[in-house]
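Chain order of the listed sequences is A and B.
The numbering used here numbers the first residue of the first sequence as 1 and each following residue consecutively.
The numbering used here numbers the first residue of the second sequence as 1 and each following residue consecutively.
Worth double-checking, as some hints may not be accurate.
Said to hold, decoys possible - Calculated pairs, BS3-like style, for lysine-lysine (alpha carbon to alpha carbon, straight line, at most 25 Å):
#, chain 1, residue 1, chain 2, residue 2
1, B, Lys276, A, Lys91
2, A, Lys276, B, Lys88
3, B, Lys144, A, Lys88
4, A, Lys91, B, Lys91
5, B, Lys217, B, Lys189
6, B, Lys237, A, Lys168
7, A, Lys169, B, Lys169
8, B, Lys169, A, Lys276
9, A, Lys169, B, Lys91
10, A, Lys168, B, Lys88
11, B, Lys168, A, Lys169
As the list claims (entries may be wrong) - Cβ-Cβ distance ranges computed for the label pairs, FRET-style:
#, chain 1, residue 1, chain 2, residue 2, range
12, B, Glu223, A, Glu199, 54 to 60 Å
13, A, Ser271, B, Met196, 34 to 40 Å
14, B, Glu199, A, Asn215, 42 to 48 Å
15, B, Val106, A, Cys190, 31 to 37 Å
16, B, Glu223, A, Ser305, 44 to 50 Å
To be verified - Covered, in the sense of this in silico footprint (three residues per stretch, anywhere, with C-beta under 8 Å from a C-beta of chain A), are these stretches of chain B:
#, stretch
17, 15-24
18, 55-64
19, 175-183
20, 250-258
21, 300-313
Because the hints were derived from the structure by calculation, they are not lab data.
The beta carbon of each residue, even a glycine, is placed where N, CA and C say it ideally should be.
2 protein chains.
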Amino acid sequence: MEPNSIQNEYFSSYEDLEVHRLMLEDNPRTLAYKNAIMNNKSYFKGKIVMDVGCGTGILSIFCAQAGAKKIYAVEASNVANLAREIVKENKFEDVIEVIHSYVEDVVLPDNIKVDAIISEWMGFYLLHEGMLDSVLIARDKFLKVNGEMFPESATIYISPCSVPTLYKKWDNFHGLSMTSVANQLRASKCNKPEIMVVEAEDIIGSDEVVLCWINLKEDIVSEVDSFSIEHVVGAKKDGIYQGLCLWFDVVFPDLTGSNDNVRLDTGPFSSPTHWKQTVIVLPQEQVVEVGDPIAFQMDMTRDASNRRRYNIQVSLLDPDEAEHPLPCTCHLTKCILVKAYMDQHPEKVPVTEQMDTNCLQEDPIDDD
Amino acid sequence: MEPNSIQNEYFSSYEDLEVHRLMLEDNPRTLAYKNAIMNNKSYFKGKIVMDVGCGTGILSIFCAQAGAKKIYAVEASNVANLAREIVKENKFEDVIEVIHSYVEDVVLPDNIKVDAIISEWMGFYLLHEGMLDSVLIARDKFLKVNGEMFPESATIYISPCSVPTLYKKWDNFHGLSMTSVANQLRASKCNKPEIMVVEAEDIIGSDEVVLCWINLKEDIVSEVDSFSIEHVVGAKKDGIYQGLCLWFDVVFPDLTGSNDNVRLDTGPFSSPTHWKQTVIVLPQEQVVEVGDPIAFQMDMTRDASNRRRYNIQVSLLDPDEAEHPLPCTCHLTKCILVKAYMDQHPEKVPVTEQMDTNCLQEDPIDDD
């Protein structure tokens, strides 16, 4: 077989190759993993690691450079063959074993268990086309008790936002009115979440609201089947509420004791990544003034016919009827008074459960 | 019919809509046309104009704003319906007539002729998937004798270049060697021109070489069927010769007498546009030092089965055997002497025919 035809087998399409390139060239992504591994060199030394969905193998090589004694780099696609070449090129073929297989089918010699699992499994808005299930299955099958997960947690955030590129920008476009173009663009985006860059200044909500927090060390597959939140947030400035912006971050363990966890944040206030942000564009825009309560419900549920996809449903709620969080950033008198009281008496603030459950509902009302 | 289904008819696909958005949001492009029109306000006042392939109609509206009395905005795709809406939205429905048709099929009332034709017809490397033929046909059919073409000329340039994103970048990628990835990327790009951004610093040739110059007022369709050039250029710095970079510019008429022509330049030394640059990646890289002669032949020929596509063929020539231009920027003794002589005796410099022919070959040897 010609070298070229071998090479072409690695990727099922040109687009496939470009996706790997895009991921490698996403510096915040690649550097977060590199730093998370290199900061924990003392931990990795002599350890056994599994890399789930290793792609080109770059994370496995970082682990080898950090001193891991053995890395099982599992990749289901033909890119596994390219990973083998790259491992060889970096002279780690004695340390890294590339396994061309679905991780679900892998059997390790002597049913060995691994000290840590590393994986870059995140999709758009964290879960889209994601491979989190495979990572959790690999954890239950291969990770030692008290083994480490890289990353160890992931959070999806939501905030009301403006989308000027789909609205205002076209009102006066080089001196003419192009609202018909804006209408077209919005019509094309109403039925599916839009992957786009949201500027920090276009975030309207005064708080990032957590849709879900996933504990990679403990959560089971059925716990990531659906997430739901009903929330009220105050507008932090005057603006036009045109969509709900979703983004995520993941946090890596810090095993050096210095509590300096590497965090890869794909939100509008951080360096741009290939994940950009995800916007649910509303059918109607709504003018809001600073302090106005914005109430919504969001449900994210795994698609019944394709478990790799999620359906997202947004309902706009009447702020007068919705239950406000404690404290709430909106300007309703009740919320202002409650917030002032809680600011003065921090010892009486109810314990938030935001970081302890997957499925966030309103914080429980505190009778205090 | 629902408003939404009417809207969706405008575009055959979501990608189609995004292409129009990309073009509109390409500021150097949109502003070049706007400036070319507005700088010639005194010319446009009271004139009849045809816009060939009007898309969303933005150029027609610029002409109307500049005072044209009638504009025929011709668009073959369903985007014509959107153009009609945008024209109405800007209150020019009495001035601009959107004609939903191939321009070849258009019949104007009383076989009227137009004073000027405006068109944004350029594709990647100017001619790819281009619609220049339709523009030239429209000119012959509808333009008055001595009418104006916006733009009036177009030039394709070539220069040897480096392509570090396909080579050097991967030699040390975040501390590891990924030349296998670079090999993959290059293998995927060997069979077709690569549309990509080339940084100014990666241009190696000391001169921009003109592959072809097209006179929109005079050239006929058969004259744009093929272009060919054989050239030698000196390297302007030490570097690695890895590809031939193609780009183009178009020039608009200045009818105010101030000789201040607007030029839309898509080259690596100008602001980026959606056309980026086009690179023919060479199968083998070649180290060059400043002054080294780089000799190549490039042929660009219309595809026999699809007239909207061109095949590009590059041959690397032996600089010792190729004919060098007069003057030549390479460091061969003969060329240095000839250039020194010509610099000292500018009156004896042969008249270059670069801007007078479509099909550039070597300048004729001057017997002077």
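Structure-based check of all given hints:
no., hint, in the structure
1, B/Lys276 x A/Lys91, "violated (38 Å)"
2, A/Lys276 x B/Lys88, "violated (36 Å)"
3, B/Lys144 x A/Lys88, "violated (68 Å)"
4, A/Lys91 x B/Lys91, "violated (69 Å)"
5, B/Lys217 x B/Lys189, "violated (36 Å)"
6, B/Lys237 x A/Lys168, "violated (47 Å)"
7, A/Lys169 x B/Lys169, "violated (37 Å)"
8, B/Lys169 x A/Lys276, "holds (24 Å)"
9, A/Lys169 x B/Lys91, "holds (19 Å)"
10, A/Lys168 x B/Lys88, "holds (19 Å)"
11, B/Lys168 x A/Lys169, "violated (39 Å)"
12, B/Glu223 x A/Glu199: 54 to 60 Å, "violated (47 Å)"
13, A/Ser271 x B/Met196: 34 to 40 Å, "violated (23 Å)"
14, B/Glu199 x A/Asn215: 42 to 48 Å, "holds (44 Å)"
15, B/Val106 x A/Cys190: 31 to 37 Å, "holds (35 Å)"
16, B/Glu223 x A/Ser305: 44 to 50 Å, "violated (56 Å)"
17, 15-24, "holds (count 4)"
18, 55-64, "holds (count 4)"
19, 175-183, "holds (count 8)"
20, 250-258, "violated (count 0)"
21, 300-313, "violated (count 0)"
Of the numbered hints stated above, those contradicted by the structure are hints 1, 2, 3, 4, 5, 6, 7, 11, 12, 13, 16, 20, 21, listed in ascending order.
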